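Number of protein chains: 2
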Amino acid sequence: MANIIESTCTNCAKLEDGCCKTCITEHKFNIFSPLTNEEIEFLIDDKKQIIYKTGETIMKQNTSSTHVVCVRSGLAKLYVESDNGKNVIVRIAKKGDFITGGGLFNGSVQHFSITALTPVRCCLIDSAKLTTLFSENNSFAVGLLRYNTKQNNYLLNKLVNHTQKYMPGRVADTLLYLKNEIFAESAFQAPLTRQELAEMSNMTKESFVRILHQFKDSKLVAVDGNTIEILNENSLIAISKNG
Amino acid sequence: MANIIESTCTNCAKLEDGCCKTCITEHKFNIFSPLTNEEIEFLIDDKKQIIYKTGETIMKQNTSSTHVVCVRSGLAKLYVESDNGKNVIVRIAKKGDFITGGGLFNGSVQHFSITALTPVRCCLIDSAKLTTLFSENNSFAVGLLRYNTKQNNYLLNKLVNHTQKYMPGRVADTLLYLKNEIFAESAFQAPLTRQELAEMSNMTKESFVRILHQFKDSKLVAVDGNTIEILNENSLIAISKNG
DNA sequence: AGCATTATATGATTTTTGTCATGACGCGGT
DNA sequence: ACCGCGTCATGACAAAAATCATATAATGCT
Numbered sequence: 001m002a003n004i005i006e007s008t009c010t011n012c013a014k015l016e017d018g019c020c021k022t023c024i025t026e027h028k029f030n031i032f033s034p035l036t037n038e039e040i041e042f043l044i045d046d047k048k049q050i051i052y053k054t055g056e057t058i059m060k061q062n063t064s065s066t067h068v069v070c071v072r073s074g075l076a077k078l079y080v081e082s083d084n085g086k087n088v089i090v091r092i093a094k095k096g097d098f099i100t101g102g103g104l105f106n107g108s109v110q111h112f113s114i115t116a117l118t119p120v121r122c123c124l125i126d127s128a129k130l131t132t133l134f135s136e137n138n139s140f141a142v143g144l145l146r147y148n149t150k151q152n153n154y155l156l157n158k159l160v161n162h163t164q165k166y167m168p169g170r171v172a173d174t175l176l177y178l179k180n181e182i183f184a185e186s187a188f189q190a191p192l193t194r195q196e197l198a199e200m201s202n203m204t205k206e207s208f209v210r211i212l213h214q215f216k217d218s219k220l221v222a223v224d225g226n227t228i229e230i231l232n233e234n235s236l237i238a239i240s241k242n243g
Numbered sequence: 001m002a003n004i005i006e007s008t009c010t011n012c013a014k015l016e017d018g019c020c021k022t023c024i025t026e027h028k029f030n031i032f033s034p035l036t037n038e039e040i041e042f043l044i045d046d047k048k049q050i051i052y053k054t055g056e057t058i059m060k061q062n063t064s065s066t067h068v069v070c071v072r073s074g075l076a077k078l079y080v081e082s083d084n085g086k087n088v089i090v091r092i093a094k095k096g097d098f099i100t101g102g103g104l105f106n107g108s109v110q111h112f113s114i115t116a117l118t119p120v121r122c123c124l125i126d127s128a129k130l131t132t133l134f135s136e137n138n139s140f141a142v143g144l145l146r147y148n149t150k151q152n153n154y155l156l157n158k159l160v161n162h163t164q165k166y167m168p169g170r171v172a173d174t175l176l177y178l179k180n181e182i183f184a185e186s187a188f189q190a191p192l193t194r195q196e197l198a199e200m201s202n203m204t205k206e207s208f209v210r211i212l213h214q215f216k217d218s219k220l221v222a223v224d225g226n227t228i229e230i231l232n233e234n235s236l237i238a239i240s241k242n243g
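Top line first, the protein sequences correspond to chains A and B.
Per full-length UniProt numbering, residue 1 is the first one in the first sequence, and the count goes up by one each step.
Per full-length UniProt numbering, residue 1 is the first one in the second sequence, and the count goes up by one each step.
Read the hints as simulated data drawn from the structure, not as lab findings.
Predicted, not measured: the structure shown is a model, and the values here were computed from it.
Please note that the accuracy of each hint is not assured.
Stated by the list, open to error - Straight-line C-alpha distance at most 27 Å; calculated DSS-like pairs for lysine-lysine:
#, chain 1, residue 1, chain 2, residue 2
1, B, Lys94, A, Lys150
2, B, Lys53, A, Lys150
3, A, Lys150, B, Lys219
4, A, Lys86, B, Lys150
5, B, Lys150, A, Lys95
Using the sequences provided together with the hints, build the complete structure.
So, in structure tokens, the structure goes:
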């Protein structure tokens with residue numbers, strides 16, 4: 001069971017200790033940077049700080065939720081569970097990511113699930129507080145809209161990539177995404193099974209394995225279990241572009 | 001009825017005529033309903049009213065644009081042009097639709113193209129005016145965010161439908177979308193070629209034609225050229241669900 | 001350590017979908 | 001009316017990807 005850890009992070013319970021303010025800068029929660037100290041105080045007043053174990057569900061699709069998630073550490077997968085039982089992993093959330101399940105001002109039903117890939121430390125913040133701040137602080141409102149817009153463009157791009165590219169292009173996309181967006185390193189140990197990597201790439205695990213093996217044979221990547229190293233990024237980019 | 005609206009709209013240059021205000025209610029531009037008369041006056045001050053002929057490009061992907069589009073009549077396709085030359089039609093815009101190409105507050109680059117499927121009458125409004133109103137009128141800001149959120153959920157849904165369903169399910173989706181979202185009638189004459197219907201359904205035109213033919217054989221639809229009639233909506237829904 | 005369970009890998013086969021080729025039909029322009 | 005062009009339709013075939021089967025490696029548990 002996930003445990004509330006307000007005791008372990010006592011500094012964070014009140015703003016006077018400087019913890020939440022620090023968290024916002026340190027963890028790069030850019031979305032909150034326009035807020036004044038007073039507004040932050042208001043925001044975090046009754047927030048809950050939770051640690052999820054690997055594999056635990058942070059949010060479940062189609063359930064109702066009145067809070068948003070701010071990831072402080074760890075990785076989580078955001079995925080849609082389709083009617084046929086197959087999952088589509090939409091993105092990976094990491095430190096500093098801010099997640100609204102179905103969106104503010106649009107009902108409380110979550111349109112995707114979130115599951116911890118590693119232990120995840122996060123803060124759950126009441127949506128109502130965000131809507132209040134949305135009205136009071138225009139820069140914050142602009143930030144929220146911009147966040148949504150970017151998400152929109154991201155999804156538009158993913159739609160095209162997933163429907164128009166052949167499998168090697170999609171595998172290349174997934175590997176480049178992990179390198180550049182998540183780990184920011186050429187070699188990384190991804191806490192993702194082949195099944196999950198396949199769900200990110202819109203294919204079966206068998207197909208993913210085969211293509212990864214081809215990439216390995218072509219010296220584009222080095223693979224050892226969950227550790228993947230990008231050896232030839234330019235070729236992967238070419239494969240991604242080519243389709 | 002339609003004539004009255006259109007004749008008033010021709011003098012839409014000033015609010016004194018009551019036209020833009022009428023337009024907002026009559027054409028159901030809900031996004032603008034929170035605005036005061038003064039704000040509307042400000043918004044439409046130097047707007048441009050344009051008529052596009054069938055086939056004309058209203059917005060071109062990857063170009064810069066500083067305005068948003070409000071469709072007053074006609075139909076237009078919003079589509080992404082992918083690197084391999086194939087198009088993905090994301091949605092059809094109709095009367096009352098409000099379109100921001102790449103989004104407010106996020107650069108001016110358009111992330112998709114818009115082309116008129118029929119003659120399209122629309123107003124182009126300066127994005128800067130919207131951002132000003134966003135700051136001044138909170139209800140309007142909420143409406144914009146809600147619009148974006150809905151768009152997000154729509155794209156999420158389309159991503160899953162296009163990647164997880166077999167072709168018959170996707171064709172069923174397209175037909176149901178046209179019936180319920182665009183024409184609001186069981187029988188409709190769609191100004192879309194088979195190629196375009198295929199681009200909405202993420203498949204080749206040949207595949208679309210074949211599946212439409214099967215649906216016709218199964219008495220699910222009646223087809224005569226561009227006129228399509230949904231005869232058995234429940235079966236189409238079942239096919240859509242099934243995958 | 002030994003066993004059960006899960007994840008990974010790989011070949012054989014089938015299903016799904018796209019590509020190519022061809023013909024029919026409809027429509028605008030001369 | 002005739003031609004040319006684009007759309008629509010349909011069959012034959014090829015390519016892409018999923019499924020199935022099975023083997024191996026890794027992991028967790030008692």
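Given the hinted pair lysine 150 of chain B and lysine 95 of chain A, is their alpha-carbon gap at most 27 Å?
holds (26 Å)
Distance restraint between lysine 150 of chain A and lysine 219 of chain B, which requires alpha-carbon spacing of 27 Å or less:
violated (43 Å)
Within a Cα-Cα threshold of 27 Å, do lysine 86 of chain A and lysine 150 of chain B meet the stated pairing?
holds (23 Å)
Quickly compare the C-alpha distance for lysine 53 of chain B and lysine 150 of chain A to 27 Å and report which way the hint goes.
violated (31 Å)
Decide if the proposed pair is consistent with the structure: lysine 94 of chain B and lysine 150 of chain A, CA atoms, cutoff 27 Å inclusive.
holds (24 Å)
The earlier numbered hints that this structure contradicts are 2 and 3.
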